[in-house]
Amino acid sequence: MPKLQRQQYYDLTRDMNWHFRYVDEAEVFPEAMSKSLGVPAEEWWKWDEPYKLTFREYTYNQVDKDTGIYSIKSVTNRANLYEKLDSGWRSAIKAHYGAIPVPEYLASIGEARMARFGRAAAWRNMATFGALDETRHGQAQAWFPYSLIDKDPQMDWALKTLHTNEWGAIAARHLFDDMFTANDAVSTAIQLTFTFETGFTNLQFLGMAADALHVGDMEFGALISSIQTDEARHAQQGEPTLRVLVANGKKAEAQKMVDIMFWRSWRIFSLLTGLSMDYYTPLEYRSMSFKEFMEEWIIKQFMDQFKDLGMNTPWYWESHFLPELDWYHHGLHLGVWFWRPTVWWNPDAGVSPAERDWLEEKYPGWNDTFGRWWDVITENVRKGEANKTLPETFPVVCNLCQIPIITPCGHAIGKLERPIPFMLEYNGRQYNFCSEICRWIFKEQPERYHGHLSIVDRLLAGQIQPPTVEGALAYMGLTPEIMGQDADNYQWAFAERKAAE
Amino acid sequence: MAALPVQAAVRGDFVVLLVLVDTEDTMDQVAEKVARHVIDRRLPPQGGRPVVRVNGQDLPPGTTVAQAGIGPMQFIEVRYE
Numbered sequence: 001m002p003k004l005q006r007q008q009y010y011d012l013t014r015d016m017n018w019h020f021r022y023v024d025e026a027e028v029f030p031e032a033m034s035k036s037l038g039v040p041a042e043e044w045w046k047w048d049e050p051y052k053l054t055f056r057e058y059t060y061n062q063v064d065k066d067t068g069i070y071s072i073k074s075v076t077n078r079a080n081l082y083e084k085l086d087s088g089w090r091s092a093i094k095a096h097y098g099a100i101p102v103p104e105y106l107a108s109i110g111e112a113r114m115a116r117f118g119r120a121a122a123w124r125n126m127a128t129f130g131a132l133d134e135t136r137h138g139q140a141q142a143w144f145p146y147s148l149i150d151k152d153p154q155m156d157w158a159l160k161t162l163h164t165n166e167w168g169a170i171a172a173r174h175l176f177d178d179m180f181t182a183n184d185a186v187s188t189a190i191q192l193t194f195t196f197e198t199g200f201t202n203l204q205f206l207g208m209a210a211d212a213l214h215v216g217d218m219e220f221g222a223l224i225s226s227i228q229t230d231e232a233r234h235a236q237q238g239e240p241t242l243r244v245l246v247a248n249g250k251k252a253e254a255q256k257m258v259d260i261m262f263w264r265s266w267r268i269f270s271l272l273t274g275l276s277m278d279y280y281t282p283l284e285y286r287s288m289s290f291k292e293f294m295e296e297w298i299i300k301q302f303m304d305q306f307k308d309l310g311m312n313t314p315w316y317w318e319s320h321f322l323p324e325l326d327w328y329h330h331g332l333h334l335g336v337w338f339w340r341p342t343v344w345w346n347p348d349a350g351v352s353p354a355e356r357d358w359l360e361e362k363y364p365g366w367n368d369t370f371g372r373w374w375d376v377i378t379e380n381v382r383k384g385e386a387n388k389t390l391p392e393t394f395p396v397v398c399n400l401c402q403i404p405i406i407t408p409c410g411h412a413i414g415k416l417e418r419p420i421p422f423m424l425e426y427n428g429r430q431y432n433f434c435s436e437i438c439r440w441i442f443k444e445q446p447e448r449y450h451g452h453l454s455i456v457d458r459l460l461a462g463q464i465q466p467p468t469v470e471g472a473l474a475y476m477g478l479t480p481e482i483m484g485q486d487a488d489n490y491q492w493a494f495a496e497r498k499a500a501e
Numbered sequence: 001m002a003a004l005p006v007q008a009a010v011r012g013d014f015v016v017l018l019v020l021v022d023t024e025d026t027m028d029q030v031a032e033k034v035a036r037h038v039i040d041r042r043l044p045p046q047g048g049r050p051v052v053r054v055n056g057q058d059l060p061p062g063t064t065v066a067q068a069g070i071g072p073m074q075f076i077e078v079r080y081e
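These protein sequences, in sequence, are chains A and B. Mapping of the first sequence onto this note's numbering: position 472 corresponds to residue 472, and the numbering continues sequentially without gaps. Mapping of the second sequence onto this note's numbering: position 50 corresponds to residue 50, and the numbering continues sequentially without gaps.
Don't read these hints as lab results, they were simulated from the structure. None of these values were measured; they are calculated from a predicted model. Virtual Cβ for every residue (Gly too), placed ideally from N, Cα, C. Treat the hints loosely; a few may be bogus.
[Said to hold, decoys possible] Straight line, CA to CA, 20 Å or less: simulated DMTMM-like cross-link-like pairs of lysine to aspartate or glutamate:
hint : chain 1 : residue 1 : chain 2 : residue 2
1    : B       : Lys33     : A       : Glu392
2    : A       : Lys383    : A       : Asp486
3    : A       : Lys160    : A       : Asp150
4    : A       : Lys251    : A       : Asp308
5    : A       : Lys251    : A       : Glu42
6    : A       : Lys388    : B       : Glu32
7    : A       : Lys307    : A       : Asp326
8    : A       : Lys388    : B       : Asp58
9    : A       : Lys73     : A       : Asp177
10   : A       : Lys383    : B       : Asp40
11   : A       : Lys415    : A       : Glu436
12   : A       : Lys151    : A       : Asp486
[Said to hold, decoys possible] Here are the in silico distance ranges between beta carbons for each label pair:
hint : chain 1 : residue 1 : chain 2 : residue 2 : range
13   : A       : Lys383    : B       : Asp28     : 21 to 31 Å
14   : B       : Gly56     : A       : Ile109    : 39 to 49 Å
15   : A       : Lys84     : B       : Leu20     : 40 to 50 Å
16   : B       : Gly56     : A       : Gly371    : 29 to 39 Å
17   : B       : Ala66     : A       : Asn427    : 18 to 28 Å
18   : B       : Ala66     : A       : Gly462    : 20 to 30 Å
19   : A       : Asn165    : B       : Asp28     : 29 to 39 Å
[What the hints assert, rightly or not] Chain B regions said to be covered by chain A (calculated; three or more residues, Cβ under 8 Å):
hint : segment
20   : 11-19
21   : 23-29
22   : 42-56
23   : 73-80
Kindly generate the complete structure, drawing on both the sequences and the hints.
As structure tokens, this is what we get:
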């Protein structure tokens with residue numbers, strides 16, 4: 001039994017900072033790993049966070065959490081819950097499982113780097129818990145789908161995706177390597193824990209948890225709700241780091257870190273959460289549209305908190321980000337559905353007459369813009385010409401976010417002046433971007449990004465043989481039982497409005 | 001004759017496509033190679049003739065890719081009028 005009361009030892013042990021006498025500070029905290037930006041050690045020691053956990057408390061809490069989710073899993077398995085779920089919802093959770101568990105595991109590397117190279121003992125203490133959290137998240141989110149593989153072979157991609165060259169996997173690796181696997185401690189705190197976790201994971205984990213409970217997917221809802229309780233805690237590393245930077249005249253540096261990672265997060269969440277919320281979740285169970293979630297969680301709550309810290313909205317907020325809320329993820333959805341053999345889930349078109357009415361209500365003008373493309377697709381399906389709804393070439397992908405370039409979409413619906421991709425010549429190589437912001441991010445740190453080959457670059461370099469759609473599917477590791485198909489076997493194309501309408 | 005990859009879009013479509021053309025293709029042939037991925041797939045059949053636009057200039061239908069000086073991965077847009 002401990003001899004001391006908690007309050008008698010906690011602050012002393014948590015804040016065990018000291019000056020170095022036998023080595024230089026720069027040797028202990030190399031700039032490449034810590035990125036202290038010249039802020040003195042004593043200033044970093046003012047770093048503080050509100051949770052103030054002990055290791056004993058942490059382990060007790062985590063055991064309770066794991067007991068809770070694994071109990072629910074045991075019950076739902078016996079009830080054959082998965083088979084009863086809507087096919088679109090199953091696609092939503094498969095997209096999540098492929099994109100999230102392994103990056104969570106990798107995030108433990110970023111947390112461990114902060115646990116070693118963070119400049120305050122209190123921060124290193126919190127990051128240690130963060131590393132354990134992310135290990136738990138990786139394991140739980142790999143185990144839950146693993147137990148469903150006998151019911152759905154696409155669940156195998158929960159563990160497999162990030163180890164393949166599937167285009168979404170390349171996009172996820174590029175983002176997460178930038179954000180935490182290959183990032184310094186301060187940037188990780190600002191970009192992973194503040195920008196990504198405090199801001200965006202709420203969308204995927206709270207928003208999707210709400211939808212899961214409506215759909216009746218207790219297992220997925222319980223799992224990601226449990227994970228979010230950890231995220232809410234270790235995400236607290238961002239704000240105190242930001243406070244230290246701002247107090248020491250490093251606001252501009254912090255602002256740039258946020259501006260970069262906010263955009264990159266927006267890109268990946270549009271692809272992941274945008275499609276799930278507005279197209280894959282069954283209509284009757286949707287709690288909010290993706291745009292409404294963005295407005296509530298990001299535009300209002302997160303940015304209010306951000307501005308309270310003395311920071312500004314990213315420079316592209318009004319000109320680029322807000323207008324994209326009305327179109328970007330709708331364009332991605334059309335692309336993912338059309339190129340559905342290239343993903344590890346079955347995209348749900350989500351454009352039956354009733355669903356189109358909902359889209360029109362949430363995004364006025366949807367039928368006159370996105371609906372036009374879906375009209376042609378629907379007609380082809382009705383004529384029995386589904387082959388015309390499948391790809392025979394590739395989209396060009398962005399050299400920063402690695403997501404297909406859909407500038408013509410923004411142009412066609414009147415949100416972009418030109419349909420042309422944003423380009424850049426650097427060291428004799430042409431780079432193509434989906435947006436001015438992705439090009440700006442590249443130009444800020446070209447030495448960080450220039451060597452990467454997008455999947456289209458790899459095709460042109462002869463790395464994908466044969467250089468056909470079939471060759472690319474094989475390169476991406478997609479086998480016939482995994483390649484995405486229409487989630488509803490095209491029933492949506494034949495659905496008719498109710499007579500009363 | 002040599003194969004040349006370009007990035008292309010049909011006006012009104014939503015995505016930039018990778019399309020393989022030949023340096024001896026005329027602009028009409030280029031338009032056809034791009035349009036086959038789009039027309040009657042996401043856009044309805046278009047009236048009028050195709051026009052290929054590169055670097056802000058409409059190119060005559062008989063001009064070849066080589067004559068137009070189109071390079072690898074240059075962006076071309078096809079529209080109908």
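So, going through the hints one by one against the coordinates:
{"no.": "1", "hint": "Lys33/B - Glu392/A", "verdict": "holds (11 Å)"}
{"no.": "2", "hint": "Lys383/A - Asp486/A", "verdict": "holds (16 Å)"}
{"no.": "3", "hint": "Lys160/A - Asp150/A", "verdict": "holds (16 Å)"}
{"no.": "4", "hint": "Lys251/A - Asp308/A", "verdict": "holds (13 Å)"}
{"no.": "5", "hint": "Lys251/A - Glu42/A", "verdict": "holds (18 Å)"}
{"no.": "6", "hint": "Lys388/A - Glu32/B", "verdict": "holds (16 Å)"}
{"no.": "7", "hint": "Lys307/A - Asp326/A", "verdict": "violated (24 Å)"}
{"no.": "8", "hint": "Lys388/A - Asp58/B", "verdict": "violated (29 Å)"}
{"no.": "9", "hint": "Lys73/A - Asp177/A", "verdict": "violated (31 Å)"}
{"no.": "10", "hint": "Lys383/A - Asp40/B", "verdict": "holds (12 Å)"}
{"no.": "11", "hint": "Lys415/A - Glu436/A", "verdict": "holds (13 Å)"}
{"no.": "12", "hint": "Lys151/A - Asp486/A", "verdict": "holds (18 Å)"}
{"no.": "13", "hint": "Lys383/A - Asp28/B: 21 to 31 Å", "verdict": "holds (28 Å)"}
{"no.": "14", "hint": "Gly56/B - Ile109/A: 39 to 49 Å", "verdict": "holds (47 Å)"}
{"no.": "15", "hint": "Lys84/A - Leu20/B: 40 to 50 Å", "verdict": "holds (46 Å)"}
{"no.": "16", "hint": "Gly56/B - Gly371/A: 29 to 39 Å", "verdict": "holds (31 Å)"}
{"no.": "17", "hint": "Ala66/B - Asn427/A: 18 to 28 Å", "verdict": "holds (27 Å)"}
{"no.": "18", "hint": "Ala66/B - Gly462/A: 20 to 30 Å", "verdict": "holds (23 Å)"}
{"no.": "19", "hint": "Asn165/A - Asp28/B: 29 to 39 Å", "verdict": "holds (36 Å)"}
{"no.": "20", "hint": "11-19", "verdict": "holds (count 9)"}
{"no.": "21", "hint": "23-29", "verdict": "violated (count 0)"}
{"no.": "22", "hint": "42-56", "verdict": "holds (count 3)"}
{"no.": "23", "hint": "73-80", "verdict": "holds (count 3)"}
Of the hints listed earlier, those the structure fails to meet are numbers 7, 8, 9, 21, in rising order.
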